[in-house]
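Chains A and B, in that order, are what the protein sequence lines are. End of the first sequence sits at 450 in my numbering; the numbers just go up one at a time, nothing left out. End of the second sequence sits at 519 in my numbering; the numbers just go up one at a time, nothing left out.
It is worth saying that the hints were derived from the structure and are not from the lab. Please note that the accuracy of each hint is not assured.
[Claimed, not checked] With a Cα cut of at most 25 angstroms, we get these calculated DSS-like pairs of lysine-lysine:
(1) A:K322 / B:K232
(2) A:K110 / A:K90
(3) A:K322 / B:K341
In this text, all values refer to a predicted model and were calculated from it rather than measured experimentally.
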Amino acid sequence: MYDVIVIGSGPGGYVAAIRCAQLGMKTAIVEKYPTLGGTCLNVGCIPSKALLDSSEHYHNAEHTFKTHGINLSNLKVDLKQMITRKNDVVKQNTDGIDYLMKKNKIDVHQGVGSFVDKTTVKVTKEDGSSSDIQGKNIIIATGSKPSSLPFIQLDKDRVITSTEALNLKEIPKHLVVIGGGVIGLELGSVYARLGAKVSVIEFMDSLIPTMDKTMGKELQKSLKKIGFEFFLKHKVTSVEKKGKEVTVKADNAKGETVEIKGDYVLVSIGRRPYTDGLNAEAAGVKLTDRGQIKVNDHLQTNVPNIYAIGDVVKGAMLAHKAEEEGVFVAEALVGQKPHINYNLIPGVVYTWPEVAAVGYTEEQLKEKGIKYKAGKFPFMASGRARASMDTDGLVKVLADAETDEILGVHMIGPRTADMIAEAVVAMEYRASAEDIARMSHAHPTYTEAFKEACLAATDNRALHI
Amino acid sequence: MSKVIKVPAVGESITEVTIGQWFKKDGDTVQMDEVLCELESDKATFELPAEAAGVLRIKAEEGDTIEIGAVICEIEEAGSGVAAAPSGESSSKPAEKETSAKTTGEIKDMVVPTVGESITEVTLANWIKADGDFVKLDEIIAEVDSDKATFELPAEATGILRHVAQEGDTLEIGGMICKIEVMDGEPVAEASSAAASSAPASSSAPSKDSYATGHASPAAAKILSEKGIDSSEVKGTGKDGRITKEDAQAAQKAAPATAKAESKPAQESAPAPVAGSRNERREKMSSLRKTVSRRLVAVKNETAMLTTFNEVNMKPIMDLRSKFKEQFKEKHGVGLGFMSFFTKAVCVALQEWPAVNAKIDGNEIVYNDFCDISIAVSAPKGLVVPVIRNAEALSFDGVEKEVVRLATKARDNKLSIEEMTGGTFTITNGGVFGSMMSTPIINAPQSAILGMHNIVQRPMAVNGEVKILPMMYVALSYDHRIIDGRESVSFLVRVKELLEDPTRLLFGV
């Protein structure tokens, strides 16, 4: 009898398992796939970053090296090698999880985990053999899968999801991306940098529509420069494949039908919670009508000894959100009282420029009727950004009009994915914009832009603009 | 300018208090009405609120016993430039600075008012306002002691105070206390001079409360939540009063949580005993303890106390309780405990045996037609005995609600002296600590006390058969000077009867 069984070994699941083991619980983890790490490590965050970095190098070699004073001849993309290197990165990471499981004495059960009753999980291997394991507590961390539209036939060859997009055999000539969210723009960037024409069709009126509107606008400008074309406020009505050609039809805002032809179509309209084969009913665990596992504020399902975390429950589908929840449940199981501040979970887009944000957007503050002041600082005015020729983008700080408390930070620019951590720390401590403005930031760094934006928010006294 | 805070008069017979605990440190910025420290008198513990906002300067330390009217601390009021003055000098005299307010030339003489029929003279306990202070109409300027009570003296006009009598002076009614040079408006010199003098000192000026004051860091928030402490109970030492991890680790539950630094000295003086150690420790008795000890000995010496015992079969009450527990709770929002049964039974018996409910006053016996039942409650600082008033008129749920209310206040040290004085009979329950049998001491000036004990399964002979029944011994200690054996024993038997057949309570039979 285990103290805890974790179903799913993504960032939520494996972190939950490690924290449980650290707290002295006898822990098992069940994983359907042959490697640990879930979507994030195998077909998500890590491989996409590997390809983004490779393609960024190529892009720079092609476009900026000359200005830097480096001349190359015979510059070529070796896509096969790029994919191989990406696979190596994935393997190193998943092997790392194997090591962490051993180190923490966590039993790994390979196979599909499904509930028999509220304390028993059946693990079915690929060869059909199965065994039952029992746990006092069970954490569901089965994550999510790419979702699609009912009329789209995903053939996984030309009409593909993010999973296939990480393993293409050739660089598309024209990649049509359905959905202008994080995944579509990141993978679109990979192939745009490698020379593909990329057309993005988005239903909403801006890119990355859940983020602050300024971010979408700025990102659109930057991506246009590398060969993106955008069809905003377009509703996709059909996707048809004929041989090597795929035709996407969409209605524009005026109700006219637009036809876009490409050789590959990436469907990236979002992800759905994944509970296939989990047999949650056997344990009596209830799902929401959106297919999520229903949990209370303590991430507990309606069955008291069963918890659920990550993409399979409500909230943003982010690896770091799942990790926090994994730690939360593990600690709650031993009677501790952890807390997650969901408003301060940062969101990041690994395009170039990178986009990162935490806290409220300007739109949310307006809606809530909170009086705020905004301070902006463009990377154009940053010495560090000029030196690296990464002058696209800006930092926007939103602070309370009266108290000067930072309420939201939105960044688009070089390395903002790393820079956002400072904003999270500041906001967890409820720092004011002036607090940041009065802290020394090393020069020359990209983070000075955050300080300057804070100065601008304090009372419009940025120094370098 | 600074505000001198003195020990307020807390009750008629209380002459001195002990400082239990400072919640604020010397030099802390305090808000108006924020609790500064806890004072213990021999009757109760009470909290001392700040009478002004500003920087606290402590004048008396924890454990000090000080007289009513003595200075506890001063508050250097915020916004006055003096607050930041390094010398700490605080008794400025703003009236002597430039002021825009005009002296009208009128001088108001203030004399000792008539305070009571038999009072002919009073003592000026202390000046709350210093000589030369600007005072507003009705602002309290001094405290005056009579032999019956302490009262506060309000200013009879707005203007500059000029002392005539000194602290400690005995004054006749009608005697001159002070004069007020009547003024129109208020002096504004303070503000302007403050602006001038505070500028260079601003870096050392204590930070004011901000929106982030009391915000717990993520790690601190988790610790506090696990300790069950609200962040508002913790004083943050971080930037702008933020609560750091260390603050949270040092925070303590129950007795209002304060920072580690403040509780440390006490811990150091009382290290955990080491095995084999022959160390002994001396601690000063608290006022409360001193009073308790004095009164208990007095009761032993001055009364003719003895105890009668009986035993009660608790089965009928327990059956009734289990039968109606849920409904009672649902209807009244309070649990049905044993206290309501005992209190009601005692009230019936008291009314039948009035001597048990009486007290001696000189050469007279005072009979009470009401039953004010004192209940002994264990509080953090020791035993306290709040009173359920007119318990004879209360319903069961009325008694239970009152018990819960008083016990909660006792636990939080929030009982007022009012709530602890004037009972006519006491019930004490040593059973909660496991006592099988004991002889309680009368709660003077009352004449009797009922002791409840633990409930134990005992073999009893019932109609010639052995039955196992939940039994409780009850003890009645009483003052034989006014209660005869017949009365005390009959009283206790009556209580037993009522408890063993609670339906009797319905009919009063």
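(request) Measure nothing beyond the straight line between the CA atoms of K322 of chain A and K232 of chain B; if it is 25 angstroms or shorter, mark the hint as holding. (result) Holds - the C-alpha atoms of K232 of chain B and K322 of chain A are around 6 angstroms apart, at most 25 angstroms.
(message) Just to be careful, I want the Cα atoms of K322 of chain A and K341 of chain B compared with a cutoff of 25 angstroms; is the pair within it?
(response) 34 angstroms, violated
(request) Assess, step by step, whether the Cα of K110 of chain A is no farther than 25 angstroms from the Cα of K90 of chain A, and give holds or violated. (result) Since the Cα atoms of K110 of chain A and K90 of chain A sit roughly 22 angstroms apart, the hinted pair holds (cutoff 25 angstroms).
Hint compliance for this structure: hint 3 is the single one not met.
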